[in-house]
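**Student:** Protein chains in written order, with our numbering: chain L, 1 to 329; chain W, 1001 to 1329.
A couple of the hints might just be wrong.
[Stated by the list, open to error] SDA-like, lysine to any residue: derived pairs with alpha carbons at most 25 Å apart:
no.	chain 1	residue 1	chain 2	residue 2
1	L	K237	L	E223
2	W	K1237	L	V238
3	L	K326	L	Y298
4	W	K1237	L	G192
5	W	K1097	W	L1123
6	W	K1050	L	K326
7	L	K237	W	V1238
8	W	K1237	L	T235
9	L	K237	W	Q1240
10	L	K278	W	I1224
11	W	K1278	L	T235
12	W	K1171	W	Q1327
13	W	K1166	W	M1140
14	W	K1050	L	P209
15	W	K1278	L	E144
16	W	K1101	W	A1124
17	L	K125	L	E223
18	W	K1166	W	R1082
19	W	K1101	W	A1134
20	L	K50	W	R1229
21	L	K237	W	E1245
Just so you know, the hints here were simulated from the structure itself, not pulled from any lab data. Owing to the predicted nature of the structure, the values given are computational and were not obtained by experimental measurement.
2 protein chains.
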Amino acid sequence: MENSICEIVGCQYLEMIMISGDNLSLWNDTPTKSAIVGYVHAVTDPNNAKFVPEVERVATFDNDGTLWLEKPLYMQLHHLIRQIGLVAASNPAVRIKQPFKAVYENDQAWFKEAAAGVSKGDLAKAMSIIAGAAEALEGMTIDEFNSNARDFLTNTKDARFNVPYKQLTYKPMVELIHYLQNNEFAVYITSGGGRDFMRSVSEEIYSTPRQNVIGSDIEYAYEIDTRSRAQVVRTVKVEQPIDNESGKPIHIGRTISRRPIFAAGNSDGDIEMLQYAKSHTGLSLGVLVHHDDADREYAYDEGAEEALERAVGNGWVVVSMKNDWKQIF
Amino acid sequence: MENSICEIVGCQYLEMIMISGDNLSLWNDTPTKSAIVGYVHAVTDPNNAKFVPEVERVATFDNDGTLWLEKPLYMQLHHLIRQIGLVAASNPAVRIKQPFKAVYENDQAWFKEAAAGVSKGDLAKAMSIIAGAAEALEGMTIDEFNSNARDFLTNTKDARFNVPYKQLTYKPMVELIHYLQNNEFAVYITSGGGRDFMRSVSEEIYSTPRQNVIGSDIEYAYEIDTRSRAQVVRTVKVEQPIDNESGKPIHIGRTISRRPIFAAGNSDGDIEMLQYAKSHTGLSLGVLVHHDDADREYAYDEGAEEALERAVGNGWVVVSMKNDWKQIF
Chain L
1 MENSICEIVG
11 CQYLEMIMIS
21 GDNLSLWNDT
31 PTKSAIVGYV
41 HAVTDPNNAK
51 FVPEVERVAT
61 FDNDGTLWLE
71 KPLYMQLHHL
81 IRQIGLVAAS
91 NPAVRIKQPF
101 KAVYENDQAW
111 FKEAAAGVSK
121 GDLAKAMSII
131 AGAAEALEGM
141 TIDEFNSNAR
151 DFLTNTKDAR
161 FNVPYKQLTY
171 KPMVELIHYL
181 QNNEFAVYIT
191 SGGGRDFMRS
201 VSEEIYSTPR
211 QNVIGSDIEY
221 AYEIDTRSRA
231 QVVRTVKVEQ
241 PIDNESGKPI
251 HIGRTISRRP
261 IFAAGNSDGD
271 IEMLQYAKSH
281 TGLSLGVLVH
291 HDDADREYAY
301 DEGAEEALER
311 AVGNGWVVVS
321 MKNDWKQIF
Chain W
1001 MENSICEIVG
1011 CQYLEMIMIS
1021 GDNLSLWNDT
1031 PTKSAIVGYV
1041 HAVTDPNNAK
1051 FVPEVERVAT
1061 FDNDGTLWLE
1071 KPLYMQLHHL
1081 IRQIGLVAAS
1091 NPAVRIKQPF
1101 KAVYENDQAW
1111 FKEAAAGVSK
1121 GDLAKAMSII
1131 AGAAEALEGM
1141 TIDEFNSNAR
1151 DFLTNTKDAR
1161 FNVPYKQLTY
1171 KPMVELIHYL
1181 QNNEFAVYIT
1191 SGGGRDFMRS
1201 VSEEIYSTPR
1211 QNVIGSDIEY
1221 AYEIDTRSRA
1231 QVVRTVKVEQ
1241 PIDNESGKPI
1251 HIGRTISRRP
1261 IFAAGNSDGD
1271 IEMLQYAKSH
1281 TGLSLGVLVH
1291 HDDADREYAY
1301 DEGAEEALER
1311 AVGNGWVVVS
1321 MKNDWKQIF
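Sequences and hints are given; from them, build the entire structure.
**Tutor:** Here it is in structure tokens:
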């Protein structure tokens, strides 16, 4: 590993890396950290042949499983189910249909079937959760949704770790975001999950402004409300394409109009984004977070098999949560 | 006019405005300028009851006719026609169909019919220009389109003013953008016209980063090119909704997740954006640029009749290009 860094960024940097350990204080002194710090030094040093001007320093991070916990359930799915439950509790009429009925009756068997359907490619029940949530959130303004999501992430605790969801970010990754921002990278978060869900806390937990958060979301509509105020409200239709797989570089192109030189993900849905960064004409770095720490988080390769395999041939840096991070949360 | 500013922002500001004239040096000392400067002072002074924190200071500007020339033809339409001509010149096969035939043969009668159709609501020919342009640009990467558009705006001269298009921005409006940026406003440009067309020069001519430019555009696709590089390329399908009328607040909501407190436009397509800003719970300002200077630019109310009428009831500040601006280009 050290040989290849030496080759890529120039061997004089290896020495510099030794004295700059404080930049990523939550990372162990492993080749992974050297690769990241060596890369950042190379592209930010005007005397290095690999120097990249500030305006082109774009970094994109996946969110679920890359910046925050995604097991046992995506936080957003938990939020949607809660919202369905709130509507079912206040409106008996919706309880005759799914998924309102299942949530209201806490019908675990129905949810197990939905989960089993996902793995068998039978998405009907899973899609009904999305559709039910869209219905439960329909007509909500941007500000209302923002408060609702922030409230959920602030006040709902994870069952295993017993702290609010918004504290379950991977602190070494948050430190990496700040390190890049301090080196004049424009950092974007780009997730298959809900854009506005993440935006509700992105400024607080990642120091990343709302407009730098890209993601999938519902379409909006414009309307004048009963108090004659102009509002932008949620519809029930999902915006296309969703921000996953090939949708990631498409959303990145649309939003930024620049190709990232740095990209970080953790699953097969991030492959296209990592490829897109790798195809930059300048020196780029791809990072893949590997969930291999069952004690402190979870250990799973499921959904990341292809990404892990491609990491080798593509030179993506694989981060071992177990070996590379001093702490996780 | 001065009474109402006094009422809104506090009379102590009128005095301050007198000594801060340099902020908008290309603007005459009229009530229009006082209204704008008085507004900015009010929302940026922590001791003023109308103070708005930096993070909420969002300003949105329409582009065509608000920041740069839109007559006699939208610059972008000129660009699309040029692109159709380039394809027609190099590929005889396309010349059998419209609009390639008309552009190649410089068939002015065909274009006149297309223009006449627009005013009669018969959009078939006009739409064929858009479709032809989409075909002419299909498969182009984001970077290629960016270079192509920048080249056009840099090297194509306007027939009347005999300078390159990118110089035909309204300098008092560019000064206003900088004034707001200096007062910690996040400035966005939001146009019915092409997002990536404007982005090709936005950093140079408006000091506004690409990602702060919102607009209509074509959908993108992801592909691996013949040299195995990952690319994001243009398709022929127009992204919905286009960024005009109710599409403007929708695009603003999607991109920023915050409601603007300052919005500037010049036509009926900007009404919903101006309404959206006006419905901010904090003090907001709407600005409407009125084209009333046939000598130095153009004089026309066409397409802005309703906006001009609503300006009165809504308290939008109407900018007279003739009386309020010392210079235009």
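**Student:** For the pair supplied as a hint, L/K237 and W/Q1240, is the alpha-carbon distance within the 25 Å limit?
**Tutor:** OK: L/K237 and W/Q1240 at ~13 Å, within 25 Å.
**Student:** Taking only the CA atoms, is the gap from W/K1237 to L/G192 under or equal to 25 Å?
**Tutor:** Status holds; Cα separation ~23 Å.
**Student:** If you draw a straight line from the CA of W/K1166 to the CA of W/M1140, is it 25 Å or shorter?
**Tutor:** Distance of about 22 Å is within 25 Å: holds.
**Student:** Tell me if the straight-line CA distance from L/K326 to L/Y298 falls inside 25 Å.
**Tutor:** holds (16 Å)
**Student:** Does W/A1124 sit within 25 Å of W/K1101, going by the straight-line distance between their CA atoms?
**Tutor:** holds (16 Å)
**Student:** Would you check the hint for L/K125 and L/E223, treating anything up to 25 Å between C-alpha atoms as holding?
**Tutor:** violated (32 Å)
**Student:** With the threshold set at 25 Å, check whether the alpha-carbon distance from W/K1050 to L/P209 stays at or below it.
**Tutor:** Holds, at about 24 Å.
**Student:** Measure nothing beyond the straight line between the CA atoms of L/K50 and W/R1229; if it is 25 Å or shorter, mark the hint as holding.
**Tutor:** holds (19 Å)
**Student:** Going straight from one Cα to the other, do L/K237 and L/E223 come out at no more than 25 Å?
**Tutor:** Between L/K237 and L/E223 the Cα gap is close to 16 Å, so the pair holds against 25 Å.
**Student:** Need the status of pair W/K1237, L/V238: alpha-carbon distance at most 25 Å?
**Tutor:** Distance ~18 Å between W/K1237 and L/V238 Cα, so the pair holds.
**Student:** Does W/L1123 sit within 25 Å of W/K1097, going by the straight-line distance between their CA atoms?
**Tutor:** Holds - the C-alpha atoms of W/L1123 and W/K1097 are around 17 Å apart, at most 25 Å.
**Student:** Is W/K1166 within 25 Å of W/R1082, Cα to Cα?
**Tutor:** holds (16 Å)
Consistency with the previously given hints fails for numbers 6, 17, ordered from lowest to highest.
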